Every structure is written in structure tokens, then in C-alpha cells.
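Quick note: to get the numbering used here, add 1 to the position in the sequence shown (first position is 1).
In short, the hints are calculated from the structure, not lab data. Treat the hints with care, as some may be off.
Now the in silico label distances, taken between C-beta atoms and shown as ranges [said to hold, decoys possible]: (1) Glu74 x Ala121: 21 to 27 angstroms; (2) Ala39 x Gly188: 46 to 52 angstroms; (3) Ile14 x Ala157: 27 to 33 angstroms; (4) Glu74 x Asn205: 43 to 49 angstroms.
Here the structure is a predicted model, which is why all the values come from computation and not from measurement. Heads up, the beta-carbon is just placed ideally off N, CA and C, and yes, glycines get one too.
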Amino acid sequence: MAISVAIVDDDPIVCSSIGTILTATGTATVLWTAHDGAAAVREYAAHGPDVLLIDVQMPGMDGLDAAERILREHPGARILILTTFADPDYIRRAVELHTKGYLIKQDVASVIPAVQAVMAGQIVLGAEVLGQLTAPQASAPQPDDVVPIIEDERFARLTDRERDVAALVAEGYDNRQIAAELHLSEGTVRNRISDILAKTNIANRTKLAVEWLSCH
Numbered sequence: 002m003a004i005s006v007a008i009v010d011d012d013p014i015v016c017s018s019i020g021t022i023l024t025a026t027g028t029a030t031v032l033w034t035a036h037d038g039a040a041a042v043r044e045y046a047a048h049g050p051d052v053l054l055i056d057v058q059m060p061g062m063d064g065l066d067a068a069e070r071i072l073r074e075h076p077g078a079r080i081l082i083l084t085t086f087a088d089p090d091y092i093r094r095a096v097e098l099h100t101k102g103y104l105i106k107q108d109v110a111s112v113i114p115a116v117q118a119v120m121a122g123q124i125v126l127g128a129e130v131l132g133q134l135t136a137p138q139a140s141a142p143q144p145d146d147v148v149p150i151i152e153d154e155r156f157a158r159l160t161d162r163e164r165d166v167a168a169l170v171a172e173g174y175d176n177r178q179i180a181a182e183l184h185l186s187e188g189t190v191r192n193r194i195s196d197i198l199a200k201t202n203i204a205n206r207t208k209l210a211v212e213w214l215s216c217h
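Given these sequences and hints, build the entire structure.
Written out as C-alpha cells, the structure is:
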């Protein structure tokens with residue numbers, strides 16, 4: 002059966018983007034979205050998803066307060082924090098609440114393997130997040146329980162600019178949009194994509210997008 006997810010973020014575009022990535026890759030179906038913590042608590046009580054993706058800073062009740070409420074009422078809830086802030090206090094509180102992971106929003110594509118890992122009973126912390134957990138915490142997950150997001154070795158060969166191009170391809174940008182975003186010519190973008198496909202041995206940009214999303 003497909004994994005069901007709910008997405009909570011005060012930016013509707015973020016909810017839409019994450020939902021599109023999850024559904025387009027066949028990773029999950031989106032059960033509902035919400036834009037603040039209070040709405041998340043209400044919606045979860047009515048329709049609990051397999052995995053809840055929730056931001057931290059939102060108007061009214063924030064994501065961590067909402068996670069605490071949900072976990073108090075539904076101890077088996079699988080909650081994955083997805084935020085732009087690698088704040089040590091946020092991270093430690095998320096760990097203390099026994100959420101299932103903490104991801105930095107800039108790497109939205111990492112949501113796919115993260116959701117899959119959470120469904121497999123694992124805890125997911127990105128490398129930047131792990132780096133903030135320098136002091137031992139009584140409730141912190143043990144290393145064997147933590148699944149860092151590890152990149153496919155094929156993509157490790159790419160230059161920084163090629164990685165930028167690949168990430169935008171995965172987000173559905175066409176060549177013109179990529180060129181505008183990265184201040185390149187469309188011809189340069191075409192060449193970069195050809196180079197990426199050759200280096201990774203991937204047949205076309207659609208497969209590139211799927212492969213990129215599946216391992217970031």
C-alpha cells in the first residue's frame with residue numbers, strides 16, 4: 002500500500018512542492034496539508050497519516066509544540082521535522098520529543114529517502130543536523146538507529162554547478178528556467194545536462210530527476 006503523508010508548512014508553495022515530489026515519484030500520497038500547528042493537531046486527530054512532515058516556525062502554535070501535542074495524544078505518530086533552521090535548541094527538542102527525524106528544508110529532495118526510512122522504523126537526521134548534536138543527550142538516538150541521507154556515488158562526481166543544474170531538473174525546471182535561475186545561457190544548460198547524463202550514465206532528464214530525488 003502507498004505511504005500516506007501530511008504536510009504542514011505556513012508556505013503553501015512548500016506544501017505543494019513537497020507533495021508533488023512525493024506523488025510524482027510514487028513515494029507517497031498526500032492525505033492533507035495545513036499551514037499552522039493548531040490546524041495540524043486538529044487534522045491529525047481526524048485523519049492520521051503514516052508520516053507527518055512539519056515545519057517549526059509557523060504562526061500561532063509552532064511545529065514543535067504541535068508535535069508535542071500530537072505525540073502526547075498519538076504516541077505512535079511518525080513525525081519528521083522539515084525546516085530551514087539547523088538550530089541546536091530546535092534539534093535537541095525534536096530529539097527529546099522522540100520525533101522520527103529532522104531535515105533542513107533546502108534539501109527538499111531528501112524527503113523521499115527520509116519518508117521511506119521513517120516508515121522502516123528508522124530515525125533520519127541530515128549531516129548538518131547531526132553536527133549540531135555535539136553534546137550527549139539522554140534521549141538522543143544512538144548512532145546505529147540514525148540514518149543519514151547518503152548521496153549516490155554517481156552524483157558525487159558532479160561539479161557544484163552540475164549539482165545545481167541536476168537539482169533544478171529534479172524540481173521540474175525547464176532549460177529556460179534553469180538558465181534564468183543560475184544566470185547561464187540555455188546552450189550552457191543543455192551542455193551541462195548532457196555532461197551530467199554522461200557522468201551518471203542516466204538515459205534522460207526524466208530518469209535523472211527520479212534518480213536524483215530518490216537519493217537526496
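Results of checking the hints against the structure:
Distance hint for Glu74 and Ala121: a CB-CB separation of about 24 angstroms, consistent with the stated range 21 to 27 angstroms. Ala39 and Gly188 have their C-beta atoms about 50 angstroms apart, which keeps the hinted 46 to 52 angstroms range intact. Against the hinted window of 27 to 33 angstroms, the Cβ-Cβ separation of Ile14 and Ala157 comes to about 30 angstroms, which satisfies the hint. With their beta carbons about 47 angstroms apart, Glu74 and Asn205 fall inside the hinted range of 43 to 49 angstroms.
Comparing the model with each earlier hint shows no violations; every hint is respected.
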